[in-house]
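Asker: Note that the protein sequences, when read in sequence, are chains A and B. Going by the numbering used here, the first sequence wraps up at 371, each residue one higher than the last. Going by the numbering used here, the second sequence wraps up at 734, each residue one higher than the last.
What the hints contain is simulated information worked out from the structure, not anything from laboratory work. This structure is a prediction, so every number in the text was calculated from the model and none was measured. Each hint can be trusted.
No more than 20 Å apart at the CA atoms, straight line, and that leaves these computed lysine to aspartate or glutamate pairs for EDC-like:
{"id": "1", "chain 1": "B", "residue 1": "696", "chain 2": "A", "residue 2": "175"}
{"id": "2", "chain 1": "B", "residue 1": "696", "chain 2": "A", "residue 2": "119"}
{"id": "3", "chain 1": "A", "residue 1": "335", "chain 2": "B", "residue 2": "553"}
{"id": "4", "chain 1": "B", "residue 1": "501", "chain 2": "B", "residue 2": "482"}
{"id": "5", "chain 1": "A", "residue 1": "167", "chain 2": "B", "residue 2": "564"}
Take a look, some chain B residues computed to stay more than 10 Å from chain A by CB distance:
{"id": "6", "residue": "429"}
{"id": "7", "residue": "459"}
{"id": "8", "residue": "474"}
{"id": "9", "residue": "503"}
{"id": "10", "residue": "632"}
{"id": "11", "residue": "639"}
{"id": "12", "residue": "640"}
{"id": "13", "residue": "728"}
Cβ coordinates follow ideal geometry from the N, Cα and C atoms, glycine included.
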Amino acid sequence: MAAVQVKKLRKTFGKVEAVKDISFEVDDGEFAVMLGPSGCGKTTTLRCIAGLERPDRGDILFDGERVNDLTPAQRNIAFVFQFYALYPHLTVRDNVAFPLRAEGLSKEEIKRRVDEVLELLEIEDVAAEKPRSLTADQRQRTALGRAIVRRPRVFLLDEPLSNLDAKLRERMRGELKRLQRDLGITTIYVTHDQIEAMSMADKIIVMNEGLIQQIGTPREVYHSPANLFVANFIGSPGMNFIRCRYVREEGKLIGDGKAFTIPVSREIREYLNGLSYTGVILGIRPENIELCPKTEGDRSLEVVVDLLEPMGSSNIINLMVGDQMIKAISTPDFKPEKGERLSISLREVCLFDPQTGQAFASVEGEKLWQR
Amino acid sequence: MAEVRLERISKRFGRVQAVKELSIKVESGKFTVLLGPTGAGKTTTLRITAGLERPDEGAVNLNGRRITDLPPRERDMAIVFQNLALYPRYTVFDNIASPLKVKGMNRDEIERRVKRVADILHISHLLDRKPAQLSGGEKQRVALGRAMIREPNLFLLDEPISALDAKLREEMRTELKRLQSDFGATFFYATPDQAEAMSMADTIAVINEGRIIQIGTPEQIYNRPANTFVADFVGSPGMNLLPCEVKSGDSGAYLDVGPSAFILPLPPERAKSNGYPGNGELTFGVRPEDILIDAVPGEESIRGRVYVVETLGGYNIVEVDVGGKLITVKAESSFEPLIGQEIWIRFRSEKIHLFDGNGGIIF
Chain A
1 MAAVQVKKLR
11 KTFGKVEAVK
21 DISFEVDDGE
31 FAVMLGPSGC
41 GKTTTLRCIA
51 GLERPDRGDI
61 LFDGERVNDL
71 TPAQRNIAFV
81 FQFYALYPHL
91 TVRDNVAFPL
101 RAEGLSKEEI
111 KRRVDEVLEL
121 LEIEDVAAEK
131 PRSLTADQRQ
141 RTALGRAIVR
151 RPRVFLLDEP
161 LSNLDAKLRE
171 RMRGELKRLQ
181 RDLGITTIYV
191 THDQIEAMSM
201 ADKIIVMNEG
211 LIQQIGTPRE
221 VYHSPANLFV
231 ANFIGSPGMN
241 FIRCRYVREE
251 GKLIGDGKAF
261 TIPVSREIRE
271 YLNGLSYTGV
281 ILGIRPENIE
291 LCPKTEGDRS
301 LEVVVDLLEP
311 MGSSNIINLM
321 VGDQMIKAIS
331 TPDFKPEKGE
341 RLSISLREVC
351 LFDPQTGQAF
361 ASVEGEKLWQ
371 R
Chain B
372 MAEVRLERIS
382 KRFGRVQAVK
392 ELSIKVESGK
402 FTVLLGPTGA
412 GKTTTLRITA
422 GLERPDEGAV
432 NLNGRRITDL
442 PPRERDMAIV
452 FQNLALYPRY
462 TVFDNIASPL
472 KVKGMNRDEI
482 ERRVKRVADI
492 LHISHLLDRK
502 PAQLSGGEKQ
512 RVALGRAMIR
522 EPNLFLLDEP
532 ISALDAKLRE
542 EMRTELKRLQ
552 SDFGATFFYA
562 TPDQAEAMSM
572 ADTIAVINEG
582 RIIQIGTPEQ
592 IYNRPANTFV
602 ADFVGSPGMN
612 LLPCEVKSGD
622 SGAYLDVGPS
632 AFILPLPPER
642 AKSNGYPGNG
652 ELTFGVRPED
662 ILIDAVPGEE
672 SIRGRVYVVE
682 TLGGYNIVEV
692 DVGGKLITVK
702 AESSFEPLIG
712 QEIWIRFRSE
722 KIHLFDGNGG
732 IIF
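Okay, chain B solo, but in the shape it has when bound (with noise of 0.2 Å):
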């Protein structure tokens, strides 16, 4: 058990700067994701958190210890990489066994840690298997024994499935997140992959230029991001962020998108009678599946032009271009239009976004 502190780092390398006074907290027994592109500073977080690298300013905490200058080996850290360092010439016993081995540990209660293990990991059939002879899935799975088996403070995780295929990534997500839950581990897992962090995580950390943009639950950070990056970033496919102005006419306020493409009236509510800030560099934002389809005009519709479908199976997504500009629509799987075909488009009125010149929120 351990609770993690991340104190205003920043860390440079050279003329890059990785992080920018970063602060977070990784909570005890919890699923904490660090979700950014490639470059954003996850893997760079995660080495200082281990003591890999050591921070230009800041401090780490662990359990409300300064360890900022504490090795590696002294604080009880387990590390997982994507690129699986597993010894191949030793069996799945002794890759597990291995740490265990150098502390001078006696034989059988090695024995017994590393079935406990492995019956835990669903790789008790493998250990007397090397490395060739594994999957990709069950390799990671020993990479996961092996750190496992220190009984660790905290698991540090840096893309560890991405190099395996969509479908085991897929089922290894539900795995990983059952393990943690289970055991109550505390988990810091880094990844760019935005389906994973929200699928497992407790805490979502979205980082990006090295900098956290966003700390929040999963439904947090999708229903009410932070600003225009993490709307984008979060969601398959992201969300839809069209630049617009608020205007007044007779009826009230209103989004207006483009001459060509449409104009939106804001609920009441939402209508500042002092306008907003940026007015003129405003972005609109709406989820996919925000949107609905229609046959014919309504009020309320928009017309648009099909301009792709991806079947996806349970459901289709479908771009529309409306008077230039493309709107990404999530549809029943039955809705199979043609290219080319007009359509009639309406969002949600209580699920639209409106972010400020700066791309922050404002609803």
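Chain A on its own, in the form it takes in the complex (with noise of 0.2 Å):
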């Protein structure tokens, strides 16, 4: 187990610029997932963590210790790509082994050690199947027993779902969740999926462009997402922006294309008179939009339903505000028509700066309105 901090980690491949300059720390026995697109530079660094790339500049500390220097196998650290590649000529139980086996272990404690995570990852029952004859679940476990037989320092994994159909995924997020916590094993994710950070994560670090865009609790890059793109990235379907200008004389916020006009409390007329800008971004999530029938503008916006996607458990429905499109959340029975015409009011909005991307404010959806 170990605490694990990056400092001013950069990383270049010929003219590209992988990893920038990014620092952070994962705590004693925390799951941190790394999130990000393509190419935002998250197995890069993963893989400097590891001891697989050489870092051009920064450091990498285990316990407060730099590790730098170290191989893989001194770091002491699992690396998990793919839980799928299993030797298929071994059993279950040889599987496991496997890693025991190269570190030459006396046979009564590779039998104890690889006992104790048959159990506690359930596949006691089939120790002596061979990985053929496994369902993908039974498959995932024993890859998964095979990276924590060595009771590694961190646990490192390379999106290590990406090869699962979707249902399949769903099932091991729980489990890997409710196992990284039993084992206590510091853990770091990396993964372009935001759901699978969301859902397993102490801690999410969003990376973009080979920078940390925003480092928090899963709570926290949710509700106070630091710039549009931490915004947008997180959540499904990601934050709504609605661009508007805010004309300080008259106080007030009018969305582009003069799609509404919103006159704005004292409290936001403050804070929009302190900047030196007049665009501004209005940000909200799907589900803090509160769709009723056509009103004549109290406190709401008007727009024009475009798509309706239905998923089930909910409905996703693209509207139309002035020229930009924005999607709400509904229950499953509320299915207007493509044309309808409505009125959305808004339950917490995030204020965000155009130019710089950065989040500026945050304001209950009512009290962006003048009383």
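Since each chain comes alone in its own frame, lean on the hints to assemble the complex.
Answerer: Shown next, in the form of structure tokens:
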């Protein structure tokens, strides 16, 4: 078990700056997820922590000790790409025991530790089977068992669930989270899937273009995104953005194409008056949009229904605010027609600076409007 | 415009029965999704429709005409695969134009058509680029453009967005649906992803082990799944399914899920006097969003312990251990219990399901 620190890490491949200058810490026993789109630098960072890549600059520390010059084996990490790579000719027991044999432990010790892992993962019953005759779920557990049997200090996982079908991926999320918690192994997990990050992480490190965008708990990155990138990347669908302009003299926010006018409350006016720019982006999560029949505008915006996406337990409704498209989540029985006019009220609104993309305020929808 | 009917199609590859007596109608101008796990027979079905495979038995009909023996190029269908085969050395323009060039169409007409398709797909600014300079989503649009340019009868799409990042996949869902509905194109689309099927389809055909299990609208498939396979496969997370027995007591019939778990009184209209077929091997089903969590025990509440909590932002998924059985509950995002905490759950009685010994739905 170990705390991990990454300090001012930089790594280039030829002319490509994969990781620009990043620093973060993962506490002992913590489940940290590095989240970002393809090419954001998350895998490179993980490979540097594992010792599979040499950083151009910066340090990797395990429990305060610099490990830059240690080989992957000396670092005592377990690195898992995809869980599936089992030895087809070996039984479940032998697959799990494999890393211990390489370490030259005694037979009794190996048996004891393998038994422990098989029991923990509930695969004792299939210990004598070969991978071919296992269910996908059992194969995944076997691979997981092989990774944890060595009791690594740090568990590094690179998109381990990406080759599984959607259903199994969903089941493995809860299992992995529970297992990590029971074992208490410091875990760093890389994924492009925000649902995996949200559902499993103690701490999410959001990356884009080689830089960290935000570090926080799932709740923090979801409710208080640092910038437009995080706001849109997290959530399914992501946060909606509505561009508008602040007219100081009138104390009003005016939507692009004059789609709406919001007379702004004094509290927010004071805020906006202090800004050096006039553009503002309103950010609203799809579930914070309340749909109602068209009313003459008290604290609501007028929208036109564009497209309905039924999801079973809810509907995603695509709406046009002027010429800007937003998505709202409704109950499954609410099924408006394309072209129908509705009003929306907003429960929680984030305000962003369109130039830097940074969030500068977050308010209850009620408090945006002048009373 | 085209209506395709597959009639009792069967196909074997060696000893593997890929598709078995499969019948389906792909309606003109509609979005039909073939949904099922890997190896269910989805790709084989699309390939048979395209004419790339010959069925061992059964017929393929296009607009009422039998085309089982017609070669692929005479069927006028466009196929888009998961693994995009764009020509790496061609520009986007030339990639999209390639099917027309093969036909020997004149330059002006080709240019006009490519521009129109590029407009629709929002890739007009990319026409001079090579595939290597495009993102995954852009490549996907180019591949679609190349399919659209021929103005085919039918689009066959085999997991076209499976290889994309989660976020992009979500955005492409909306785009594909909009594209299909705006142009009234006929889509026959295969995917293992139930969210894609639910959000885009007019009709979903659920397939497993080479057979069609259920055909219906997304709503029908979700609210009244034909069997336990569909109930589990559709939904995220899927339906909770627990083995149970129906018993009768002093105050009427009830469901028994196990001595340490719970019993549940059946509403009188659900309780059949002659019992249920296959009793003893019945399955109780309830969707995660149809379970309520109570802070204090009430009359109908069932005691459990929190096994794990997944915070998803808009809501939380709570797995609850009820007498050794795990039940998945969709809860408010503000509900963040501790692992091991004792909680009480309750089912929306009008939303519970019962399946027979073969997994078929009873109610």
